[in-house]
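Sequences are here, hints too, so could you generate the full structure?
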Amino acid sequence: MKHHFNYYLFFLVVFLVGFSFMFLACLSAPASLQRYGNTNHYLFHQLLFGLLPGIILGFVAYMISLQFLKKWAFLVVFFNIIALFLVFLPKIGSNLGGASRWVGIGNFSVQPSEFFKITAILYLSAWISSKLSEARLKDWKSITKNGYHNIIYILAPFIIFLGLISIALYLQRDASTLGIIAITLLVLYFSAKTPLWHTLLIVVGGISALLFMVKFEPYRLDRWLIFLHPDSDPLGKGFHLRQSLISLGSGGVFGKGLGMSTQKFGYLPQAMSDSIFAIIGEELGIIGCVILIIAFILFFWLGIKIAKNSNDKFSKMTAIGIVFWITLQAFINMSSVAGIFPLAGIPLPFFSYGGSHLVVELIGVGLLLNISKNSSG
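Just so we're on the same page, the working numbering is the position in the sequence shown counted from 1, plus 8.
If you are wondering where the hints come from, they were derived from the structure by calculation, not from laboratory data. Incorrect hints may have been included.
[Unchecked claim] When the alpha-carbon atoms are kept at most 20 Å apart in a straight line, the in silico PhoX-like pairs for lysine-lysine are as follows:
#: 1; residue 1: Lys201; residue 2: Lys321
#: 2; residue 1: Lys321; residue 2: Lys79
#: 3; residue 1: Lys201; residue 2: Lys316
#: 4; residue 1: Lys313; residue 2: Lys264
#: 5; residue 1: Lys321; residue 2: Lys381
#: 6; residue 1: Lys139; residue 2: Lys321
#: 7; residue 1: Lys139; residue 2: Lys201
#: 8; residue 1: Lys139; residue 2: Lys79
#: 9; residue 1: Lys316; residue 2: Lys381
Nothing here was measured: the structure is a model prediction, and the numbers come from that model.
Shown next, in the form of structure tokens:
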């Protein structure tokens, strides 16, 4: 039985994106008016450089051959890795707030690390599925019990790949994106039924790397200390978290109403981007937040169903990677804004202002729909 199109996932994403632009139209108006003299600058920018290319590339992802993607996944991720290091070149890379994360294209910029979320998933899915299909590694269970093959053919290449990513993103001072990518890739690696000790070894290495970054980048330690003691410096290092909690708390059950936020008038840092969930809570209350949380849970459930019904290992792993990445990022963002997790500095999928992440998320949705139309079950 062919699933020609997953309408449930499609209309869920249409709801999320439509909701986000309706919300952004109200939220961005004061900042647009103050900086550019009109109320629609940020909205039109997100439409033109986020939604439009996202729809186009998402449709391409929906139509493209999955086997073609599998064949060329290495080349795609190779060019993306090059782009990760281009951000450090003068006149090409751009620096904002002490972080080098963008590549300039004319008057516009692209964040290669956002695109790496999808290209890394494609590459790892292609690599593992190819290993599973190779004649010399046909019996995966026996190979994973062989210590030599464990290290040479499975674990070492994965660690080298993860290490290269880590170096690039550490130098960009983008530990949050690194965390999202690393956890997603580790889930994919574990889902291939690799030995448990591989995962445990990588987790221990990841924790050690995190402690290293905290030691040499004190601002990361400050985030954890503020998370543990949010009232210790309310007008300094704890200002952002405090304002987020004020936004969420002032919304109550039903919220102040769409467009009625007071925190968006310069009180809450990054109100349009990383902290947009706090404004949702202020304007739409607990009910609005719960609806959004349910929507992302539904997105995860639909994505897992697509993965379960997929016809091949590459499609299955790609679907798992995409749905896990987007859902994980959503819940880390919402948790950090609510003070349940340290402030992460990552966008809320489909909602936060910023073109690169929206484009990549719509590409991911296009691939999920592509996998569903080619699946059976």
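field: Hint consistency between Lys139 and Lys79 [alpha-carbon to alpha-carbon, up to 20 Å]
entry: 13 Å, holds
field: 20 Å limit on alpha-carbon distance, applied to hinted pair Lys321 and Lys79
entry: 14 Å, holds
message: Does Lys201 sit within 20 Å of Lys139, going by the straight-line distance between their CA atoms?
response: Cα-Cα ~12 Å, so holds.
Restraint status (C-alpha distance of Lys139 to Lys321 at most 20 Å): 11 Å, holds
- prompt: Straight-line Cα separation of Lys201 and Lys321 no greater than 20 Å?
  reply: Distance of about 12 Å is within 20 Å: holds.
task: Take a quick look at whether Lys201 and Lys316 sit within 20 Å of each other, Cα to Cα.
output: Holds, at roughly 15 Å.
message: So if I understand the rule, the pair passes when the alpha-carbon distance is 20 Å or less; does Lys321 with Lys381 pass?
response: Holds. Lys321 to Lys381 sits at ~16 Å (cutoff 20 Å).
- prompt: Keeping to a limit of 20 Å between CA atoms, is the pair of Lys313 and Lys264 held or broken?
  reply: Violated - the C-alpha atoms of Lys264 and Lys313 are around 37 Å apart, more than 20 Å.
Restraint check for Lys316 with Lys381, where alpha carbons must lie at most 20 Å apart: 13 Å, holds
When held up to the earlier numbered hints, the structure conflicts with hint 4 and nothing else.
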